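Those sequence lines, one after another, are chains G and R. Position one of the first sequence corresponds to residue 1 (our numbering), numbered consecutively onward. Position one of the second sequence corresponds to residue 1001 (our numbering), numbered consecutively onward.
In case anyone wonders, no lab produced these hints; they're calculated from the structure. What you are looking at is a predicted structure, and each value in this text was computed from that prediction instead of being measured. All clues stand as given, with none of them false.
Pairs of lysine-lysine, DSS-like flavour, derived with a Cα cap of 27 Å:
1) G/K259 with R/K1008
2) G/K259 with R/K1055
3) G/K256 with G/K172
4) G/K93 with R/K1055
5) R/K1055 with G/K172
6) G/K255 with G/K93
7) G/K256 with R/K1070
8) R/K1070 with G/K255
9) G/K29 with R/K1108
10) R/K1070 with R/K1008
11) G/K259 with R/K1070
12) G/K93 with R/K1070
13) G/K256 with R/K1055
14) R/K1008 with G/K255
15) R/K1139 with G/K93
16) G/K172 with R/K1139
17) G/K255 with R/K1055
18) R/K1008 with G/K256
19) R/K1139 with G/K29
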Amino acid sequence: MKNALNKPILEYGSGFPTLLRKEIMRFYKVAFQTVAAPVLTAILYLMIFGHVLEGREMYGRLSYTAFLIPGLVMMTVLQNAFANTSSSLIQSKVTGNLVFVLLAPLSHFEFYAAYILAAVFRGIVVGLGVFLITAWYGLPGLEYPLWIMVFAFLGAAILGSLGLIAGIWADKYDQLAAFQNFFIMPATMLSGVFYSIHSLPPAWQIVSHFNPFFYMIDGFRYGFFGVSDISPWTSLIIVGSFFVVVSAIALQMLKKGYKLRH
Amino acid sequence: MHPAISIKNVSKNYGALQALNDVSLAIEPGEFFGLLGPNGAGKTTLISILAGLVKSDRGHAAIMGADVQKNFRDARRMLGVVPQELVFDPFFTVRETLQFQSGYFGIKNNDAWIEEIMANLDLINKADSNMRSLSGGMKRRVLVAQALVHRPPVIILDEPTAGVDVELRQSLWQFISRLNQDGHTIVLTTHYLEEAEALCQRIAMLKQGQIVALDTTPNLLIRYGSVKKDGEGKTDLEDVFVNIMSGGAL
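Full structure from sequences and hints, please.
Printed below as a string of C-alpha cells:
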C-alpha cells in the first residue's frame, strides 16, 4: 500500500474522454427507456399522421409520409439531445453525485464538450433508429447527406446546450418539466415537423420565422429532398448563430459555477 | 516547502448569514488535523472552499501551494475529499464508479491501484455490484475509495463515520491512520470527539465561522480541560469542546 500510495502520477491527461464515456454509458444502461421508447413514439406519430393525411402532396411531388419522416427524425434528435443533458444534470444535482465531477480538475470547456457530445450522440442514435424503421414506410430521398449531418449535429448540440442550461438552472424536476413543456415542446411542434409553413396563414408564417427550431427542421429536410421552405444557407446561418449564443450562455454558466459552485 | 493546506483571511457569507469570518489556518504536510465545531460552525463551508465547491468572498486558500481558484487543476489533483452525504451514481457498479472517478482526473491504466484500494477497503466482493444495492457502510467505503483513486497527498474526511457501525469505524480509522503514516495529510471533521482525540495531532475548533481554538491535542486538553466529577482528574476532548463552545476562546 505504501509504495503504491506514494508513487507519483507523472502524467495526467484530460478528464473529458471519461466524462463523455460516462454520459454515454448513463443512457446506454437504460436504452429501453432512452432509445427504444422515443423510436416507438415517432413510429406512432408516423402511423397516425401518415394515415390521416396521406394523399396530400408536399412541395408538389412528395407524399406526406415521405415529407413527414425527416421531420420526425429531427424532432426525435432534438428532444433526445435535450433530455440527455437536462436529465443527467438534474438527477446528479438532486441526488448529489454531481460533486464527483465538480471535485475533478475539469475545465468548463471539458465539462461542456463532454455533456454536449454525449447529447449529440444520443440524439443521432435515436434519430437513426427512427429513420431506419420509418424508412420502411417510404424511404425519403438522400439528396444532400452533408446538409443532413450538419443540421443534425448543430440541432442536437443546440438542444444539448439548452438541456444543460435548463439542468443547471432548475432546482427541482417540475422546474425542468416546465422548461420542457412550455418552451422546448411548443417550439418543436410548431417548427414545421408536420407541415410546410407555406400552408400556414401569413401571420403564422411570420411567427414561424422567429422560431429557431423551424430552421433546424427545414435545413435538415433540405438534405433529404433538395427543396425546403427557405434557403439552407439562411437556415445554416441562423442555426449556427443560435448555437453560438446558447453555447456561450452554457459556457458562461459553467465558468461562473452558476448554481453549481456557490 | 508549502503547507499542505493554507487558508488566509477567508470569509464567506450566504446572504445575511456569515458562514466564515476571516479564517486563517496552515496545516503542515503529514499532519493528522481535526476540524471540530457544532453544526453550522462553518466546517463544511471551509472544506467546500478548499475543494472548489464554494467560492470564498474574501481571502485565499491553497492546497500544497496551488491556489484553489487560480490553479484549480493542480489543487484538485492534490486533494481527495470524502463528502459528508452518502452520495452515489445509481447507474454504475463499484468498479465503474472508481474507474470513472480515476478518469475524471485524467489518469489512465489505474486498474491495479483501484484493485488495491478495493482490497484495502474490503470492497472486492462488491466490485461488480450496483451502487444501489450496497449498504450505507459499504457506500461510505466507496466514497473513501473515490477520494483515493488519484493518490492525493491531502485527504479531507467530512464526518466519515456518521451513521457507521463500530466495526466499520474501527477498520476505517486503521486504514486512514496507515495513510497518515505513509505521509498523507489528513483533515478530519467529526462529532465523535473521542475519535478526534485519539487520532488528531492538532485540532482547530470553529464557532460561528471563526476559529476559537487552535493547538495540539495535548495542549488543548491542558489549557481547556476541567477536572471531572468522577474525581479521577482525567479530562477529555469533550470537556474541552464544551468549555470552549460555552465561552472560552483562543
